[in-house]
Amino acid sequence: MIPTVASRGEGLAPLRNALFTAAALPAPTSRFAIDASAETSLARHKWIGEVVERTVTRRARSLDTPSDRVDAIALHRVGGPLLFLVIMALVFQAVFSWAAPLQDAIESLVLAIGHRVGEVLPEGDLRSLVVDGVFAGVGSVLVFLPQIAILFGFIGLLEQSGYMARAAFLMDGLMRRVGLHGKSFIPMLSGYACAVPGIMATRTIEDPKDRLATILVVPLMSCSARLPVYTLLIGTFIPALPLIPGLDLQGATMLLMYLLGTVTALAIAALFRKTLLRGPVRPMILELPPYRWPAPQSLLVSVWQRCQVFLRRAGTVILSLSIVLWALATYPRAPADATRTAEQQQEAQLVHSALGRFGKAIEPAVAPLGYDWKIGVSIVASFAAREVFVSTMGTIYGVGGEDDAALADRLRTETDSSGAPVYTPLIAVGLMVFYVYALMCMSTIAVTVREAGGGRIGWRWATIQFVYMLALAYAAAWLVLVIGRALGFS
Amino acid sequence: MRLDTVITLAIVAVALAAVIRRLMTQMRAARTKRAGGPGCDNCGHG
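Residue numbers (our numbering), protein chains in the order written: chain A, 1 to 490; chain B, 491 to 536.
The following block holds chain B by itself, in its conformation from the complex (with noise of 0.2 angstroms):
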C-alpha cells in the first residue's frame, strides 16, 4: 500500500473515532438529567 493512501487511511480513522465520540457525548448529555451533561458545542451553553 502507498505511504500516502496510508496516511489517508489514518487521517480517515482519527475524523470517524471524533465523528463517534461527539455522538456518544450527546447520548450521554440526553441521558444526564437536567444541569449537568457537556452541553453544546454550537454555542458553548450548558
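Okay, chain A solo, but in the shape it has when bound (with noise of 0.2 angstroms):
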C-alpha cells in the first residue's frame, strides 16, 4: 500500500516506482473482485476487519485525538446540525459582507468603461449594441464574481478541511428517513455548484429507483447560476437589518433560499420514494478522513477554476444571448413622435419592438405572481442559463433608459403606469422563490433526459421533472405574494 496526497503530490514518486514494478507482482485474487453493493462492502469490511484483528497488534487507542474532540461536537444529534446552519449562515452572510466592496469596485469599473466606450462611439445602432446590449447585459452579470469566488472558497475550505463529510455524515440519517440512498449526498451536494455534473454524479448509485429519485430532485439545490439572481434581488430589496452578532436580514434570506430548495429536495424525494419509484432503503459506509488544514494553493485553484467558467459563461453564452436581446428589444424601430420625451420614446421604441410584443403576449402568464412584461421576458430568456435573467434585465432596462445608471438603481425606482414600485421587496421574495424551484435550465434538461435512459423514456422523465418545477415554482411565488399581501406586505 502506498501513502499519497493527490492535492500535494506527495508520494508519487514511490507510487510511479511501484507501477513500474507492478508487472511482476501476482494478479489479484477474485476475493477482490469489483462488486459495489453495500452488502458486499459490509462483507468486504468484516473480512478485513477479521485479517486485521489477527495480524495487527495496536497501542490502546485513544478517543482524544483533535478530531475526535471536534467531531464530539461536528456529529453530535443536535449541537452537528446547528452548527452546520451557523456555519452556513456564516458563508451566506459573507457573502454579501466581503463581496459588496468588490462589487462596487467592478460595478464602477465596468460602468466607467461603458460611458467612455458610449462617448468614443458615434450616436446610432453600433453605439447601442455595445453600450445597452453588451455592457448593459454582461457588465450586470460580471459584479457577481466576488460572490461567486467567496462562495466557492468557502465550499473548497469545507471540503479541504473535512468537515464536509461529517455534514455528508449528518444528512445521511435524514436522506435515509425521506427513502434515498446515503449516496445520493454527494450529488445533491454537486448540486449547489451545478446540476449538470450532480446528476451526472448519480451514475454511483447502483439501484435504478434510488438514482432517479435523486436525478429528479438534484436541480433543486440552488446552483452558482441562480446566485446573481439572489444576489441582485436581495442587495436591493432587502434591507441589511441585523438580526444576531454575525447575521443580517441579507445573509438570513440567501441561507433561507439555500435551505427552501434543499428542504423541498428531500421532501420531493421522500414524495417519489413513496410513489413513482418505491422500493428499499439501502445503507451507505462512509469513512471520515481526519481533520485538516487546507492548503492554501489547491483552494485558489478550485476558486479561480469557478470564477474561469463563470468568466467564460459570461464571454460566450451571456455575451451571445445579450446581442441577440438587444437586437429584439431594439427593432422593429417605432415611429418618432416630436411630442414625447426621449425617455418616452424609449419606452416605446422598448413596447413597440419584437421583445416588447412578445413580453405583453406572454405578460397575462407572469401577471398572477405580479411580475410586468419585462420580468416575464427575463425568466423565458433565463432558460438559456439562470444569470441571463440578470442580463436580459440590464439590457431591457439599458435600452428602455437614458442615464447609464446600474441596475440595482434602475429595478428600485421603475414605476408602472399608474406611477406604482414595479419591484417591491415581496415580488423580489417571489421572484427568488420562483427561481428556487423552477428549471430554468436548458443543460440541465438535456443531461436529465441523457442519464434517466435516453431517447423516450428519457423525455419522459425530463417533461416529468421539469413540469413539476415549474408548477412548484409558480404556485410557490403565487402563495409568496397571496400570503404577503394578506400579512400587509407591499
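Certain hints may be false.
One-sided excerpt, in silico: chain B residues whose CB lies under 7 angstroms from chain A [unchecked claim]:
#1 D494
#2 T495
#3 I497
#4 A503
#5 A505
#6 L506
#7 V509
Because the hints were derived from the structure by calculation, they are not lab data. For every residue, glycine included, the Cβ atom is placed at its ideal position computed from N, Cα and C.
Please assemble the complex out of the two chains, which come individually in their own frames, going by the hints.
Pasting the structure below:
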C-alpha cells in the first residue's frame, strides 16, 4: 500500500516506482473482484476486520485525538445540525459583506468603461449595441464575480478541512428517512455548484429507482447560476437589518433560499420514493477523514477554476444572448414622435420592439405573480442559463433608459403606468422563490434526458421534472404574493 | 444602409448563430446515451 495525497503530490515517486514493478506482482484473486453493492462491501469490511484483528498489534486507541474532540460537537445529534446551520449562515453573510466593496469596484469600472466607449462611438445602432446590449447585459452579470469566488472559497475550505464529510454523515440519517440512498448526498452537494455534474454523479448509485429519484430532485439545490439572481434581488430590495451578531437580514434571506431548495428536494424525493419510484432503502458506508488544514494553493486553484467558468459563460452564452436580446428590444423601430420626451420615446420603442410584443403576449401568464412583461421576458430568456435573467434585465433597462445608472438603481425606481413601483420586497422574494424551484436551465434538461435512460424514456422523465418544478415555482411564487399581501406587506 | 448598421447586424447574426449552435449542442447531448456528449459549459463537466 502506498500512501499518497493527490492534491499535494505526496507519495507520487514511490507510486510511480511501484507501477513500474507492478507487472512482476501476482494478479489479484477473485476475492477482490469489484462489486459495489453495500452488502458485499459490508462483508468485505468484516473480512478485513477479522484479518486485521489477527495480524495487527495496536496501542490502546485514544478517543482524544483532535479530530475526535471536534467530532464530539460536529456530529452531535443536536449540536451537529446546529453547527452546520451556523457555518452556512456565516458563509452566506460573508458572501454579502465581503463581496460588497469588490462588487462596487467592478460595477464602477464596468459603468466607467461603458460610458467611455459610449463617448468614443458615434450615435447610432452600433453604439447602442455596445453600451445597452453588451455593457448593460454582460456587465450586470460580471459584477457578481466576487460573490462566486467567496462562496466557492468557503465550499473548498469546508471540503478540504474534512467538514463536508461530516455534513454528509449528518445528512445521511435524514436522507434515509425520506427514502434516499446516502450516496445521493454527493450528487445533491454537487448540485450547489451546478445540477449537470450533480446529475452525472448519480451514476455511482446502483439502484435505478434511487438514482432516478436523486436525478429528479438535484436541480432543486440552488446552483451557482442562481447566485446572481438572488444577490441582485436581495442586495436591491432586502435591507441589511442586523438580526444577531454576525448575521443580518440579507445573509439570512440567502440562507433561507438555499434551505428552501434543500428541504423541498428532500420532501419531493420522499414523495417520489413513496409513489412512482417505490423500493427498499440501502445503507451507506462513509469514511470520515481526519480534520486537516486546507492547502492554500489547491484552494486558490479551485476558486480560480470556478471564476474561469463564470467568466467563460459571461463571455460566450451571456454575451451572445445579450446581443440577440438587444436586437429583439431594438427592432422593429418605433415611429418617431416629436411630442414624446426622450425617455417616453425609449419606452415606446421597447414596447414596439419584437421583445416588447412577445413580453406583452406572455404578460397575462406572469401577471398573477405580480410581474410585468419585462420580468416575464427575462424569465423566458433565462431558460438558456439562469444568470441571463440578470443580463436581460440589464439589456432591457439599458435600451429603455436614458442614463447609465446601475441595474439595482433602475429596478428600485421603476414604476408602472399608474406610478406604483414595479419591484417591491415582496415581489423580489416571490421572484427568488420562483428561481429556487423553476428548472430554467436547458443544460440540465439535456443531461436529465441522457442520464434517465435517453430516448423516449429520458424525455418522459425530463418532462416530469420540468413540469413539476415549474408548477411548484409558479404555485410557491403566487402563494408568497398572496400570503405576503394578506399579512400587509407590499 | 449606414456602415454602423451593417456592422451591428453582422454582430447580431454571429451572436444568433452562437445561440442556435448552443441549442443544437444541447439537443445533441440529450440524444447521446449516457457517456460522451459535449457536456455542460456551466461547469465544464461531462
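Tell me if the interface restraint on D494 (chain B) is satisfied: Cβ within less than 7 angstroms of some Cβ in chain A. D494 (chain B) check passes; min Cβ-Cβ to chain A is 4 angstroms, inside 7 angstroms.
Is the hint on T495 (chain B) kept, meaning its closest Cβ partner in chain A is under 7 angstroms away? holds, 5 angstroms
Minimum beta-carbon distance criterion (7 angstroms), A503 (chain B) to chain A: violated, 9 angstroms
Close enough to count: is the Cβ of I497 (chain B) nearer than 7 angstroms to one in chain A? Holds: closest Cβ of chain A sits about 6 angstroms from I497 (chain B), inside 7 angstroms.
Return the status of the interface hint for V509 (chain B): holds when the least beta-carbon distance to chain A is below 7 angstroms, violated otherwise. holds, 5 angstroms
Would you settle whether the hint for A505 (chain B) is holds or violated, based on the nearest Cβ-Cβ distance to chain A being less than 7 angstroms? holds, 4 angstroms
Taking the least C-beta to C-beta distance, is L506 (chain B) closer than 7 angstroms to chain A? This hint holds: L506 (chain B) lies near chain A, its Cβ roughly 5 angstroms from the closest one there, short of 7 angstroms.
Hint compliance for this structure: hint 4 is the single one not met.
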